[in-house]
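Just so you know, the protein sequences line up as chains A and B, in that order.
Numbering-wise (my numbering), the first sequence opens with residue -15 and increments by one.
Numbering-wise (my numbering), the second sequence opens with residue 67 and increments by one.
Keep in mind that the hints were calculated from the coordinates and are not lab data.
Heads up, the beta-carbon is just placed ideally off N, CA and C, and yes, glycines get one too.
One should not assume that every hint holds.
What the hints assert, rightly or not - Per the computed footprint, the stretches of chain B lying under chain A, defined by three or more beta-carbons under 8 Å from a beta-carbon of chain A, are:
| hint | stretch |
| --- | --- |
| 1 | 261 to 269 |
| 2 | 372 to 381 |
As the list claims (entries may be wrong) - As a list, the in silico DSSO-like pairs of lysine-lysine whose alpha-carbon atoms are at most 30 Å apart:
| hint | chain 1 | residue 1 | chain 2 | residue 2 |
| --- | --- | --- | --- | --- |
| 3 | A | Lys54 | B | Lys247 |
| 4 | A | Lys381 | B | Lys315 |
| 5 | A | Lys336 | A | Lys262 |
| 6 | A | Lys97 | B | Lys106 |
| 7 | A | Lys23 | A | Lys(-5) |
| 8 | A | Lys17 | A | Lys(-5) |
| 9 | A | Lys97 | B | Lys355 |
| 10 | A | Lys17 | B | Lys346 |
| 11 | A | Lys381 | A | Lys(-5) |
| 12 | A | Lys516 | A | Lys486 |
| 13 | A | Lys54 | A | Lys167 |
| 14 | A | Lys52 | A | Lys167 |
| 15 | A | Lys114 | B | Lys315 |
| 16 | A | Lys381 | B | Lys341 |
| 17 | B | Lys315 | B | Lys391 |
| 18 | B | Lys256 | A | Lys52 |
| 19 | B | Lys199 | A | Lys116 |
| 20 | A | Lys23 | B | Lys106 |
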Amino acid sequence: MPDYSWPAPEKRRVIGRRTNRVDGFVKASGRAKYAYDIKRPGMLYAAVVVCPYAHARIRSIDTSAAEKMKGVAAVHVFDGSAPGTEVLWAGWEIAAVAAETEELARDAARAVKVEYEVLPHFVNEADLSKAKAAGRVKPAGEKVTGDPDQAFKEADVVSEGVYGCPVICHLTWEAHGQVIEWKGDQIEYWPTTQAVSSIGNELAKALGVPPANVHVMQDHMGVGYGSKFSPDRWGIACAKLSKQTGRPVKLFLPRDVEQMIAGNRPSHYARIRLAAKKDGTIIGWESESWSTGGMTGGGAPPIPYVFTNIPNQRLNHTAVQVNAAPQRAWRAPNHPQASYLTCCAMDDLAHKLGMDPLELFKKNADYTARPDVYRWQLDKAAELIGWKKLWHPRGDKTPGHIKRGLGIGVGTWGGAGHLSNCRCNIYPDGTVEVELGSQDLGTGTRTVIAMVAAETLGLPVGAIRVKIGDNRYPFSGTSGGSTTVGGVSSSTRKATMNALEKLFERVAPKLGVKPEELEAVNGQIQVKGDPKKAMAWKAACKLLGTEKISEMGQNDPKNPMGLNTGGVGGVQMADVSVDTETGIIRINRLVVVQDCGLVINPKTAESQCYGAAHLSICAALYEERIMDDITGRMLNPDIEFYKVAGNPDIGEIIVHLDIRPEHDKRGVIGLGEPPVIPGIAAIANAVTNAIGVRVPYVPMTPDRVLAALERRSA
Amino acid sequence: MQAFAYASPTTLKEALALLADRWGVADILAGGTDLLNLLKDHIHTPQRVINIKGIKELGGIRKTDSGLRIGALVTVSELLASPEVRAEYPALIQAAEGIKSVQIRNMGTIGGDLCQRPHCWYFRQGFGLLAMKDGRSLVREGDNRYHAIFGNQGPACFVSASSFGPPLVALNARVKLVSAKGERELPVEKFFVTPQSESEREIALRPDEILTEILVPPAANVRNATYEVRQRETLDWPLVTASVALTMKGTAVASARVVLGHVAPTPWRATEAEKVLAGKGLSAAVIQKAAEAAVTGATPLSRNAYKVQLVRAAVRRALEAARPKA
């Protein structure tokens, strides 16, 4: 068996180099085809009919008028939406119409007559007393460790605060949907998905067809953030419309429906009390939290976060049911919220102790799983943001209405590689293919695969043909939990090494050495350390005659062989300015310090951090699903009032990848999620530091900032 | 959107002949940045859409003795590029700069800006301009964070979304409205109205009329400015705006017009602030007093009291921007 381990840092020629995306050009030039761009001959367009009420019973569905319309090919009533069904949220799918054009489909959808019995709804969970009065709460029971009562008695200082973040939507720029062509017993399926290798099996199961008959194809996709693993009800409906009509059907959700039902991140609110010694050592934690993720309620946030070993805890959580579509995994599920709740409570404690929060975080780092990593990262972030020079006790005392402040947030994540299989083909003309049933969500997966193959085979990145996005390629796991880069880099490393070993067997006799004495460098196969005893790559491959080498490699999550692992820490610090006359917050800088093991492509790794920081800014300042109590509707199912940060709003993002040798030697670790965790806390604490008072809830909109300032003056 | 007949006339006369004498029959398409959304969301379901972009006489900016004549089809980008506008009307330039989307600047017209429908989220979701449901005001009882704090005692609580309305009212501009029967001129201030019933509109334009031109009086001696309070620097609605036009006599203000945007169903004259300014120099104390006077009579709803403070800030900053540089 070859030694699969990663080359030593000094020997790497491709890995660790800043490398442009291999698909950058097709994307920038608009040639990259997304599911939304698929146009099949004879394709029909489908539109959905959804329920406008937050809670209702379907009395009747009359599709006859729609069916009679010219150009309408079929009308399908969703499974689970038959008359008599109790609809639990607005946006619930009732029917789908397939027609010759998109416009006709929309008109026909409006012609479907649905009668409802409107039932009482409840849609806002922020006020727990109202939720209790409405009978929408499910207490999760109390969890106690140690003796919190005693700890709070013994404490020198007790701090208390209420913090909260609302439900936000996934807002995937490429909407959910697919094109499906059901021909005979074969289904051609172009979804937008995080799960190329498995989504077809799920669709097959729902349709009662053999999984082998579903062919999934996806070259590019426009993000999922955790909301695109399943075919969903609209995928199944699309397939049924295709079967019914015998034609390809395209069904994508319009933005408003997308916002209402295609994914949201649960809210988390909490009242938190901390007990501490004078020196800042935390000795007790009490929290009463509540959240919603729709009708199922919401799970407890993982608090205390990162500082998990704080002794003497009492945790109470209440799940609140609201009439809204169910939550989905959102990039690092529950972690950004837990980081926000925990770090804000710690920041408030530091204030009460009259202590610099940087010192408080460091002082309590022993409660974390990686005390040394966090202490180092806190110092690094502090250095990058100029903490010593710029930090001041709460409330910027300089004159004028612009107040500046700094804040801290921390995060942690797993990110070990998933099950991934890769096939490497080497052809007699020298062509190299690597095939994986994986997907590139826009993160740079394709580029990383090419870099690993290029490194192993001693070839330039451009010489590698990466074939992903097809379930006929070897099975590779879903892109969730930041597991992709560890999985695909390890399987690619193994497959390419296995293939190279076969090539060495052909070359060795020609060079008069044993295969194990060979190496692949700089486009040739050579005797280790002797570039003169060599054969060019093409000449070597020519020895294959008419055969090709085709070798597999697998990353087994149970035995990653040191190629990848999980478990990272991250620290972020924000520098903000607050206009105290208008309550408007501007991000000056956001420093991101993140460890992620061995970094294959620093350029795309940093891009992940930039993107994540952007999302943190959105959540801290702008994003919020606004539900209307009276109508039960989402008031901002759009991108007009569902606000996200634009480029002028994000300030300067400073990324420092913590790739010290001790992290590098751990192997590859996923980076999709970790950097999206600490930012909200960092920004919230920076705002508090600037204006001298806590803005209890995010997003920190002008009304909330001004209200907090008014409370301070009062 | 509902199917409609489409006409693309090249003369004003042809266009006027296609209009109807009641709302809902025909819609005018200029830049389309608002109309297309209204059509897609079925808020407007006209039988006819009349594209007026081919009517040459509706374009162009001309300087005349009586001021500037701005054709209704002048785009935001054209306005920004106009040396005549830049020279005398910073209040208009600053309002145009607040429209952060290049696409909207290139497509959107000044006439369309004045005629655009409110962006109240209840209206845009189909609950009507006044957003009444089962006798209840959805705005008053619901989420009114972006709604009116002035002029909201009647049934209308939305805010005028117009970017140019407040500076044009401040500059005492007029609009020319033409129908097949004739033409009339109105002060921009009278062009905006507060509807009292669901069948009324928020502008004085009649369904058989086209807004053809905006006439802005000379402003060589009028210090003017617009300040927009906006949460985001990217495309976003301002939360509150203030436009001021100060007719100067030496270093003192002879007369002032202070007009607020995004606070009422129409651009809102802050007459108490105007009174404070009249006859005074623009000292910090006077500016502060005017900013305070601007919120006189505010009647915030359950969730938008913060806008009162934003009015103070916007007025103060607009006045500071208009103040002659020392």
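Hint-by-hint comparison with the structure:
A stretch counts as covered by a chain when three or more of its residues have a beta carbon under 8 Å from one of that chain; for the stretch 261 to 269 of chain B and chain A the count is 0, and the coverage is violated. Under the rule that three or more residues need a Cβ within less than 8 Å of chain A, the assignment of the stretch 372 to 381 of chain B holds, with 5 such residues. For the hint linking Lys54 (chain A) to Lys247 (chain B), the alpha-carbon distance of about 41 Å lies beyond 30 Å, and the restraint is violated. Of the pairs offered as hints, the one joining Lys381 (chain A) and Lys315 (chain B) is violated, with about 40 Å between alpha carbons and a cut-off of 30 Å exceeded.
Restraint check for Lys336 (chain A) and Lys262 (chain A): the C-alpha separation of about 10 Å stays at or below 30 Å, so the hint holds. Between Lys97 (chain A) and Lys106 (chain B) the CA atoms are separated by roughly 19 Å; this keeps the pair inside 30 Å, and the hint holds. Restraint check for Lys23 (chain A) and Lys(-5) (chain A): the C-alpha separation of about 46 Å exceeds 30 Å, so the hint is violated. For the given pair, Lys17 (chain A) sits about 37 Å from Lys(-5) (chain A) by alpha-carbon distance, which is inconsistent with the 30 Å threshold.
At most 30 Å may separate the alpha-carbon atoms for a hinted pair to count; Lys97 (chain A) and Lys355 (chain B) exceed this at roughly 59 Å. A C-alpha spacing of about 64 Å is found between Lys17 (chain A) and Lys346 (chain B), which places the hinted pair above 30 Å, so the restraint is violated. Simply put, Lys381 (chain A) and Lys(-5) (chain A) have alpha-carbon atoms about 53 Å apart, too far for the 30 Å limit, and the pair is violated. For the hint pairing Lys516 (chain A) with Lys486 (chain A), the CA-to-CA distance comes to about 22 Å; that is within 30 Å, so the pair holds.
Of the supplied pair hints, the one linking Lys54 (chain A) and Lys167 (chain A) holds, its CA atoms being roughly 24 Å apart against a limit of 30 Å. In summary, the hint linking Lys52 (chain A) to Lys167 (chain A) is supported, as the alpha carbons are separated by about 25 Å, within the 30 Å threshold. The straight-line distance between the Cα atoms of Lys114 (chain A) and Lys315 (chain B) is roughly 59 Å, outside the 30 Å bound, and the hint therefore fails. The straight-line distance between the Cα atoms of Lys381 (chain A) and Lys341 (chain B) is roughly 35 Å, outside the 30 Å bound, and the hint therefore fails.
For the hint linking Lys315 (chain B) to Lys391 (chain B), the alpha-carbon distance of about 15 Å falls within 30 Å, and the restraint holds. Distance hint between Lys256 (chain B) and Lys52 (chain A) is unfulfilled; the C-alpha atoms sit about 49 Å from each other, more than 30 Å. Note on Lys199 (chain B) and Lys116 (chain A): the hinted pairing holds, with a Cα-Cα distance of about 27 Å set against a maximum of 30 Å. Of the supplied pair hints, the one linking Lys23 (chain A) and Lys106 (chain B) holds, its CA atoms being roughly 23 Å apart against a limit of 30 Å.
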